[in-house]
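2 protein chains.
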Amino acid sequence: MLYGGIEAGGTKFVCAVGNENGQIFERVTFPTTTPEETMGKVIEFFNQFNLMAIGVGSFGPCDVNIESVSYGRITSTPKLSWKGYPILKKLEESFNIPIGFSTDVNAAALGEVTFGAAKGLNSCLYITVGTGIGAGAVLEGKLLQGLSHPEMGHVTVRRHLNDTYPGKCPYHNDCLEGLAAGPAIEERWGKPGVELVNNSEVWEMEAYYLAQALVHYILILSPKKIILGGGVMKQKQLFPLIYRNVKKMLNKYIELPELSNEIEKYIVSPGLGELAGITGALILGKEAYETQPEKQK
Amino acid sequence: MLYGGIEAGGTKFVCAVGNENGQIFERVTFPTTTPEETMGKVIEFFNQFNLMAIGVGSFGPCDVNIESVSYGRITSTPKLSWKGYPILKKLEESFNIPIGFSTDVNAAALGEVTFGAAKGLNSCLYITVGTGIGAGAVLEGKLLQGLSHPEMGHVTVRRHLNDTYPGKCPYHNDCLEGLAAGPAIEERWGKPGVELVNNSEVWEMEAYYLAQALVHYILILSPKKIILGGGVMKQKQLFPLIYRNVKKMLNKYIELPELSNEIEKYIVSPGLGELAGITGALILGKEAYETQPEKQK
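Protein sequences, first through last, are from chains E and Y.
So the mapping is simple: the working numbering equals the position in the first sequence, first residue as 1, plus 40.
So the mapping is simple: the working numbering equals the position in the second sequence, first residue as 1, plus 40.
Just so you know, the hints here were simulated from the structure itself, not pulled from any lab data.
The beta carbon of each residue, even a glycine, is placed where N, CA and C say it ideally should be.
Fair warning: there could be bad hints in the mix.
[Said to hold, decoys possible] Far from chain Y, some chain E residues (derived; all Cβ distances over 10 Å): (1) F65; (2) P190; (3) G230.
[As the list claims (entries may be wrong)] In the BS3-like style, the derived pairs of lysine-lysine whose C-alpha atoms are separated by at most 27 Å in a straight line are: (4) K287/Y x K123/E; (5) K123/E x K276/Y; (6) K288/Y x K287/E; (7) K159/E x K182/Y; (8) K182/Y x K182/E; (9) K123/Y x K288/E; (10) K292/E x K123/Y; (11) K119/Y x K288/E.
Model the full assembly from the supplied sequences, consistent with the hints where possible.
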């Protein structure tokens with residue numbers, strides 16, 4: 041069976057065609073311009089294939105509440121031409137097959153729990169640290185979606201004593217994303233992270249913030265695996281610093297090997313690498329096929 | 041069908057017999073002394089009835105991982121005689137019927153989502169603010185349990201600028217529980233909360249801390265309803281202060297009526313009052329009956 045997947049990002053749309061085993065046969069990328077232009081290319085690409093269903097992992101904020109009238113739309117976004125755009129509806133009108141819809145990070149979590157670093161578990165948290173910070177989760181085998189989708193990147197953290205940078209979040213100033221996403225690193229230190237590799241102060245501070253957020257997520261969600269992706273996490277020197285900070289902050293309150301001597305197996309890089317999100321989108325397509333029999337062709 | 045429920049607390053054990061509609065026919069309370077004495081009374085009480093199954097909502101930390109060898113045991117606790125005690129096993133040996141097991145706050149969340157303030161939803165968060173601070177959640181219709189059960193009371197919050205109290209948590213000093221649970225209020229202000237009703241500074245500070253934690257929970261879990269129970273939350277003047285702080289902290293980042301003009305319907309008191317936990321324990325019993333057919337009599 042052939043499924044389509046869309047990883048709809050603010051910079052680019054990745055489209056893939058693959059099967060239920062996560063095998064990808066074709067993959068293309070389109071820049072995110074206007075909805076008409078970008079979605080036109082997406083539809084043209086998928087029209088070449090006889091797909092059973094399509095799954096979308098979308099940038100946000102977007103409406104993931106299936107009972108809502110705006111389900112499947114981008115909601116508020118600084119990319120004005122996309123504000124309120126009904127991605128799901130556009131695809132349903134074009135293809136008349138089951139379409140699944142969730143956030144990009146939820147899709148990545150689904151990809152990782154099915155075929156990646158959390159394979160065999162029914163629970164994982166996927167966090168991306170890049171231009172922004174976002175996270176998605178699978179818990180008890182289900183995507184975490186409630187009143188809305190999570191917005192974990194905007195949690196509050198205590199400020200590092202040496203940090204005088206005011207923060208970059210237009211809503212909360214110095215929330216996690218405002219202090220620790222890529223643009224904050226660049227603005228605080230005067231150059232991008234990739235040019236700061238040997239400045240240990242940068243990564244000590246970054247790990248201090250990320251570890252605080254991970255501790256929030258551990259105490260609140262208790263995921264069975266934590267996966268850290270995104271551009272900033274290519275700085276592999278962050279991992280041991282994060283391990284040390286998480287252990288120190290939890291202070292042995294939860295007595296589990298995952299949070300002490302086996303922490304490097306608990307907090308890991310994506311098993312699917314760059315393909316976590318698009319693989320998850322294919323799985324969203326497969327799930328849509330199984331749960332929407334009335335739309336099967 | 042008759043089910044048994046146990047709300048196993050550090051101070052007292054509440055036992056009830058009821059049906060699948062949450063109706064309670066008999067309810068008794070035993071003080072928590074030694075496991076032998078307390079569990080002896082529990083078993084004697086339930087022996088009077090022809091029960092189909094029993095559900096336990098237990099104080100913790102306890103092991104809720106069904107795949108673990110210590111599933112159904114109290115793990116670390118300052119109540120030394122209960123440390124490692126296998127509540128679940130003791131009940132299974134005594135009754136030979138299906139037994140369900142989770143945390144006390146998970147049981148309360150289950151009670152509220154089934155028959156209480158979150159009835160009709162598939163998602164809610166139940167927080168108790170009393171001697172300690174704990175929370176349980178139902179998400180997409182399932183209890184939130186992962187690597188372990190959540191320990192949401194121990195999240196970090198930013199300190200109030202006027203607060204010089206060092207905090208009371210033996211593990212984290214000034215985590216939420218260390219700053220905002222009943223004993224912290226009493227130690228900081230020199231008398232218990234019930235004698236501080238008219239001191240607005242007390243409740244402004246308390247609301248500041250609780251609101252920060254609620255914002256963490258909203259951003260990370262996105263529950264469809266938040267229910268605040270426990271002794272401290274009997275101070276009803278806290279609710280409007282919490283509403284104001286949550287709205288201010290989120291700063292309209294998530295544009296939903298539940299987080300703006302309808303917040304007083306989103307963050308509420310328990311619909312079942314003091315019976316949330318024991319009602320949830322009965323439901324845990326019913327669920328155990330349905331999922332353990334091999335143990336049905």
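- Against the structure shown, which of the earlier numbered hints fail to hold, in ascending order? Violated: hints 2, 5 and 6.
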